[in-house]
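With these hints in hand, go ahead and build the complete structure from the sequences.
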Amino acid sequence: MKVLVIGGGMGGTIFANNLARRMRKELKAGKSSITMLSASDQHMYQPGLLYVAVGKMQPSEMYRDQTSLLEPSIRFEVDPVTTFDLDNNYVIAKSGARYDYDMIVIATGSRAHAESIPGLNEHALQFYTEPDAVAMYKQLEKFEGGKVVVAVGVPHKCPMAPLEITFMLVDYFKQRGIWEKVDLHYTYPIGRVHSLEPVAKWAAPEFERLGIQYETFFNMKEVTQNTIISEEGSEQAFDLLVTIPAHKGMQVIEDNGLGVSGFIATDRQRLNMEGRDNVFVLGDTTNIPISKAGSTAHYEAEVLAENIAALAESGIAPRNYDGKVFCFIETGEGKASYAMFDYQNPPDPKAPTAGVHWFKTAYNKMYWASARGLL
Amino acid sequence: MSDRKIVDAKNTFCPGPLMELIASMKQAEVGDELEVLSTDEGSANDIPEWIKKVGHQVLDSFDENGVWHVIVRKEK
Numbered sequence: 001m002k003v004l005v006i007g008g009g010m011g012g013t014i015f016a017n018n019l020a021r022r023m024r025k026e027l028k029a030g031k032s033s034i035t036m037l038s039a040s041d042q043h044m045y046q047p048g049l050l051y052v053a054v055g056k057m058q059p060s061e062m063y064r065d066q067t068s069l070l071e072p073s074i075r076f077e078v079d080p081v082t083t084f085d086l087d088n089n090y091v092i093a094k095s096g097a098r099y100d101y102d103m104i105v106i107a108t109g110s111r112a113h114a115e116s117i118p119g120l121n122e123h124a125l126q127f128y129t130e131p132d133a134v135a136m137y138k139q140l141e142k143f144e145g146g147k148v149v150v151a152v153g154v155p156h157k158c159p160m161a162p163l164e165i166t167f168m169l170v171d172y173f174k175q176r177g178i179w180e181k182v183d184l185h186y187t188y189p190i191g192r193v194h195s196l197e198p199v200a201k202w203a204a205p206e207f208e209r210l211g212i213q214y215e216t217f218f219n220m221k222e223v224t225q226n227t228i229i230s231e232e233g234s235e236q237a238f239d240l241l242v243t244i245p246a247h248k249g250m251q252v253i254e255d256n257g258l259g260v261s262g263f264i265a266t267d268r269q270r271l272n273m274e275g276r277d278n279v280f281v282l283g284d285t286t287n288i289p290i291s292k293a294g295s296t297a298h299y300e301a302e303v304l305a306e307n308i309a310a311l312a313e314s315g316i317a318p319r320n321y322d323g324k325v326f327c328f329i330e331t332g333e334g335k336a337s338y339a340m341f342d343y344q345n346p347p348d349p350k351a352p353t354a355g356v357h358w359f360k361t362a363y364n365k366m367y368w369a370s371a372r373g374l375l
Numbered sequence: 001m002s003d004r005k006i007v008d009a010k011n012t013f014c015p016g017p018l019m020e021l022i023a024s025m026k027q028a029e030v031g032d033e034l035e036v037l038s039t040d041e042g043s044a045n046d047i048p049e050w051i052k053k054v055g056h057q058v059l060d061s062f063d064e065n066g067v068w069h070v071i072v073r074k075e076k
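Protein sequences appear in the order of chains A and B. Sequential numbering of the first sequence, starting at 1, is according to my numbering. Sequential numbering of the second sequence, starting at 1, is according to my numbering.
Just so you know, these hints were derived from the structure itself, not from any lab. Hints are not guaranteed to be accurate.
[As the list claims (entries may be wrong)] Per the computed footprint, the stretches of chain B lying under chain A, defined by three or more beta-carbons under 8 Å from a beta-carbon of chain A, are:
id : segment
1  : 4 to 14
2  : 46 to 57
3  : 61 to 75
Note that the Cβ used here is the ideal one computed from N, Cα and C, for glycine as well.
Here's what the structure looks like:
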């Protein structure tokens with residue numbers, strides 16, 4: 001069986017490593033193959049961007065060579081796909097090479113798309129790429145006080161990012177000794193300060209305790225040099241605007257007509273592209289209405305690897321993805337919490353502790369074992 | 001007007017039905033109808049509240065076997 005993995009991010013990497021271990025004998029005997037196509041020879045630990053943006057991590061700490069993370073039995077090529085021919089089971093990559101498959105797993109991820117809001121790209125700080133995160137930190141360093149507005153687009157990668165960047169900004173300004181000169185104003189698209197109700201119920205009083213203003217039902221419409229206007233008719237002047245922009249899937253998905261806004265219609269339990277039995281989708285690339293988070297991709301990848309190995313062996317795929325998501329929540333002041341939930345069980349986040357913060361700090365390093373499929 | 005788009009947010013907690021609707025609204029054309037399916041009873045309140053604030057229209061809202069259906073139309 002030929003398995004083709006498109007994308008070398010968290011989902012694609014964990015999937016390929018997990019499958020390679022399960023199919024070790026078949027791969028060694030040459031009866032099966034796993035090929036991964038990626039746009040880069042580097043693997044980025046994307047949650048690190050949040051830390052880079054506030055000066056708590058250097059960019060180089062976010063990267064490893066992709067080949068160093070993959071099982072040796074996986075063929076890896078830096079050759080991003082340009083054309084998907086799902087009817088005939090092959091793709092064409094940038095080099096012009098054609099790659100045939102029996103099973104394809106699409107895990108191309110998502111990207112911030114600030115361009116969807118007029119003026120946002122020009123006037124807001126963001127942190128979803130390395131250059132943006134570094135530029136944000138440079139701007140923060142120059143800031144000596146004034147009004148900071150946090151504005152959030154939908155959908156976005158990492159559901160905790162709006163809260164985390166807000167709490168981390170408080171820490172940053174306190175450490176610089178300018179917190180008293182900062183008026184921090186948090187906005188959120190729906191009628192509470194976070195999509196998860198228990199998290200919102202905890203966060204709103206925290207905002208009040210710290211002196212953070214907040215405004216709900218705020219969806220970005222337009223940004224000028226120092227004002228942001230919402231679809232709901234509100235206006236906020238700012239000295240610094242920090243945004244979590246709305247995200248889209250990758251352009252190649254849209255260009256090939258595989259999904260609206262680059263998100264592929266995916267069965268929420270079987271993880272196959274709707275209407276296709278040998279096309280599977282992982283992580284941010286799906287249109288499943290759950291968190292676009294690394295843990296989502298991680299848990300989906302484990303289920304899919306088990307199923308595809310089982311399909312190869314016995315023709316049966318035994319597992320359903322249960323919607324499991326686990327998100328750390330950095331809450332500032334050296335503490336963190338977490339939220340864990342699935343399709344059936346809502347989250348029940350606990351009070352933040354220093355222990356969870358240190359575990360998250362450790363996980364920032366342990367991630368590389370996770371990507372290798374060891375954790 | 002195109003066919004009514006279904007936004008199936010049943011049994012999901014994050015980002016949740018209203019966030020899914022907001023994302024879908026961006027892709028919709030003026031005049032399009034969207035039907036949100038939600039198992040969160042709160043959707044019957046927070047979706048109409050947001051729709052009213054932004055100036056769209058709620059066409060119907062009902063509970064059918066534990067699933068809330070909220071039907072809206074994009075007005076601008």
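Notebook entry, point to check: Mind checking, does the segment 4 to 14 of chain B have 3 or more residues with a CB under 8 Å from chain A?
Noted result: holds (count 7)
Check: Taking a Cβ-Cβ distance under 8 Å as contact, does the segment 61 to 75 of chain B have three or more residues in contact with chain A?
Finding: The restraint on the segment 61 to 75 of chain B is violated, since only 0 of its residues have a Cβ under 8 Å from chain A and three are required.
Check: Within the segment 46 to 57 of chain B, is the number of residues with a Cβ closer than 8 Å to a Cβ of chain A three or more?
Finding: Coverage by chain A holds here, the residue count being 5 at a Cβ distance below 8 Å.
Of the hints listed earlier, the one the structure fails to meet is number 3.
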